[in-house]
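Chemist: Start from chain A and add chains H and Y according to the hints.
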Amino acid sequence: MSKSPVDALVAARKSGHGLPAGFYHDAEIFERDLQQIFLAGWQYAGHVSQLPKIGDYLLFEMAGESVIVVRSEAGYRALLNVCRHRGSRICQQQQGQAKRLVCPYHGWSYALSGELLAAAELSDEVDRSRLGLKRVALDEIEGLLFINFAAKPSPFRILRHRMGGALKAHGLADLKVAHSIDYSINANWKLAVENYCECYHCRPSHKAYSKGHQLAVPRDQWLEGQAQANQLAKASGFSQMVDGTWLNAPKAGLECQYAHYPLVNGHVTGSEDGQPVAPLIGSLQAPVALATDFQLGPNLFGLIYSDHAVLYRFLPVSVAETVCQVSWLVRAGAREGQDYALPKLIWLWDTTTREDKTIIEQNQLGVSSRYYRPGPFTSMEVFASRFVDWYLARLDGQNHDVIAGR
Amino acid sequence: MSKSPVDALVAARKSGHGLPAGFYHDAEIFERDLQQIFLAGWQYAGHVSQLPKIGDYLLFEMAGESVIVVRSEAGYRALLNVCRHRGSRICQQQQGQAKRLVCPYHGWSYALSGELLAAAELSDEVDRSRLGLKRVALDEIEGLLFINFAAKPSPFRILRHRMGGALKAHGLADLKVAHSIDYSINANWKLAVENYCECYHCRPSHKAYSKGHQLAVPRDQWLEGQAQANQLAKASGFSQMVDGTWLNAPKAGLECQYAHYPLVNGHVTGSEDGQPVAPLIGSLQAPVALATDFQLGPNLFGLIYSDHAVLYRFLPVSVAETVCQVSWLVRAGAREGQDYALPKLIWLWDTTTREDKTIIEQNQLGVSSRYYRPGPFTSMEVFASRFVDWYLARLDGQNHDVIAGR
Amino acid sequence: MSKSPVDALVAARKSGHGLPAGFYHDAEIFERDLQQIFLAGWQYAGHVSQLPKIGDYLLFEMAGESVIVVRSEAGYRALLNVCRHRGSRICQQQQGQAKRLVCPYHGWSYALSGELLAAAELSDEVDRSRLGLKRVALDEIEGLLFINFAAKPSPFRILRHRMGGALKAHGLADLKVAHSIDYSINANWKLAVENYCECYHCRPSHKAYSKGHQLAVPRDQWLEGQAQANQLAKASGFSQMVDGTWLNAPKAGLECQYAHYPLVNGHVTGSEDGQPVAPLIGSLQAPVALATDFQLGPNLFGLIYSDHAVLYRFLPVSVAETVCQVSWLVRAGAREGQDYALPKLIWLWDTTTREDKTIIEQNQLGVSSRYYRPGPFTSMEVFASRFVDWYLARLDGQNHDVIAGR
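Here the protein sequences come in this chain order: A, H and Y. If you read the first sequence in the numbering used here, its first letter stands for residue 1, the second for the next number, and so on. If you read the second sequence in the numbering used here, its first letter stands for residue 1, the second for the next number, and so on. If you read the third sequence in the numbering used here, its first letter stands for residue 1, the second for the next number, and so on.
Looking at chain A on its own, in the form it has when it is part of the complex (with noise of 0.2 Å):
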């Protein structure tokens, strides 16, 4: 789109208060997200205990856009779901075991790195080794697996750098994926990250999640909270926070952060009686009364508790549809039956995701109002104001990252 328009948009905003209506149901504003963010920037697909054999792959997609991630003899490969001769999908489950790669159209059959095996009454002037499927980047950070549409991603060695060490000590590449479920919102996808990004909302909203999470609370405090925190954290050899977040990621897809809060009421996990539903992780001899609260890039984020660990992925699907990906995760060795059971370690975060889900909704219904102000944020919508400023910036920014030819 020409640029003035967002710019219109950007000079629109009131500083200390939420986007105005159009970037929640403009189409060029979605399609320049697509491009400066989700385009251009890491994102998280999938978690290497998803594919424990050679040939074992799943699908990412989003906006149109499907990727088969796929563990190949030399380790793990994206690549584009497009078949090279006449662009047919080609693998069409979300998961599954392949030796080969094959086109269910005309046959023409790939190796799982993507090479073109064969091709039949292809003229030999035709040079095959340039129809191979189409990579994309893709890189792993204690076990959980990130791809990148850029043609130059930026360097995703920042982000293990930064966030690596930290991420460790919880032994999240010894997890396994539990359970899964994919929330479809009708809203657009920044309403659904401003939701996470606030805890305002969670005493009117969220019953049950409050009786053993603290609510986020005006700046001080909510500083107090985490130095206590860090008490606990570093007695459990936690790190301590890592606050790279929004503002000052360098490139799209590395924004990053961790932090640590107490739970409350003699909770020691998110479960609805607050008591463990699965093995601990990671070194812990004891559970400890804490959630660690992680970040990779703007729509991962992560809740670790001492016996399991929750993903929330948001991918945007149209300009006001959104999936609300949620994986539960346990240690690899657990066995589903006898040393969890999957409708009480899903219980609290799926009850609170519905809410979420409903409270979405009625924001896209509500900002779609030709007559809709921008309200001022509270002290208690911290990040989710942080977001809205990184989100402009990030909007707003040159781009060197979308892929070539483009």
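No lab work stands behind these hints: they were computed from the structure. Nothing here was measured: the structure is a model prediction, and the numbers come from that model. Careful, some of the hints might be misleading.
Note that the list lumps identical chains together, so a pair holds whenever it fits in one copy or between two copies.
What the hints assert, rightly or not - As a list, the in silico BS3-like pairs of lysine-lysine whose alpha-carbon atoms are at most 25 Å apart:
#1 Lys99 to Lys207
#2 Lys211 to Lys344
#3 Lys14 to Lys134
#4 Lys211 to Lys357
Modeler: Below, chains H and Y alone, put in the same frame as chain A:
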């Protein structure tokens, strides 16, 4: 939109003929319709009988807008259903009862009159007196509540002055809404109104209706019929014909008319057998074989019989989607099951409206053809033709009523 | 649309490769497709056997247009299914019988030949002779009825001259439509036609089809196969190959071709076991192991066996939605249940078309990727490649055929 495309379409219209196709499916024309007519004029929102107690509210919803019409200690109020904090919808039920209007998202609470009462952790530097729910103008005529989104609404007193006396004689303020149905019609709102404005289609399309109602007839006979009707009306203490309709409406929402026509074949009301289906209304001592027709604004039509009234409201949802709300009103004290039976009360107009829904949707399909050319109106379509003339004048006209900030 | 965007896309196309993605999802390109191809050329509308009696009609529907194809006293007629009064659809059933065409809205009635017969209360000043239903051009070749929306249609006699003789030998005019199915495909019409134009995909995708049909093969072997086929054809009194297809079509709708290929493995028709499923057609005394392939216009394909014929028609609904109508024709006098059984008759092409629907939809998903780049056609995709060349020439070409007033 730039004015020229509309000018071109207006110019393309052949007088005495229907509207060119563009007016029924062009998205920019639709937005113009909203700005010049629906968001600039007075809209029927409900009947006082629906809000008997302080705290009772109902929602008015149109083209993505939602307004809370509530009975406060200080009287009826219309408030934009959008929280001043993050923009969430506040009331989510179509009707309800509340002591305060509390946003379900972050708990901001508002008085029934709209003032902001509580907003936790909101900085004291923020002027709360400026954060009340946005008021939408509201006024009343004989129990009928109207709202207006305009910053400077047209003076409603003009409408009350013109129509108040005529409506009073029928005791509209002393009725109650016995039943209401929303019919979703997949067609542009103008095709729905044009359909209501002529009875040329009644003979082929409405068998039930035609049994008891005089079909529209050529202009001269029509005036004859009204002469007789006015005799009956006079005897019953009703007003004579009031015709301030369409073209001479000074501003948006002030269009009006009021007229009578005789029922036929010994029918005294609009029911399957033509016999009363509810207690007499107003000051009538005996049924009178008369139908009284009135209109307030471009999209509210009323039909008054001796024993009940029917209100027809057309509201646009999108360029090719309209909601027709039909309400049946009876004397306030009448008891369902004893004084009236719903099935008999609603039979005629429920049947007729279902027939019209099909007709109008087939009309939308036809005018969407690239080869459709508007045809000539007949002498039995005088009012539809006048509606079209009025519409073009209104659409084209300058409009100083649009809400501030738009 | 301004021509330049198309020029850019045309320029972007690499010869010997598929079309750039824009051609499959750009709304302006789609409107261009309609104007240059579907609304400008001849479209197959039905077979004379579907309209045995005067007053029998069927509807032709495409991209929002609806045409009544009716058998009048004066012969077959194609009439726009839009009333000249208010624009309502007149016929609402896909097939029917009528003495007159009466609009259900206001009762205007038209003769089967389109003249306006009755319009109550229409002013005498209006010239009724100018208010007949809009005629759409109609012509016939061997029992196949074609219509054309153009104001100055391409001369159909050219098509009849080229193809009439070839089709006559198969007795197409003496067949009847035994069954017809509309398959809704969520993809652009061109992906559906490209799929029909090549059999490179038959081996991987169509097990059933491949049992009895020669798979398309490299150009040279293909010509060999046709040589043999032409021998068989000659012996059976059929014409030799007629190839007037694509590039040398003088005007929209006159594209055509006619060819034969031998069936394999002792199959003599297109059925599950390769044995006849209906009485022999045309003047055949014995089955011949031959499939005869023909095409009339860009989107009607025919396949003629010794005992039945199959017609394939592709019509666009929207840029990414196409209806593929498959019709099975048998000798007119054949009696269902005695001379043929529907399940056996339709089995092969119903199975194959369901497979193609899936393939084509997966293709549409893939080409919608921002990173899709067209790949090279193989030697087994000669006809798909020729279709693409033809399409670009037609899309780009001047077109004097568009209906008056457009």
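Chemist: Can you give the numbers of the hints that this structure goes against, from lowest to highest?
Modeler: none
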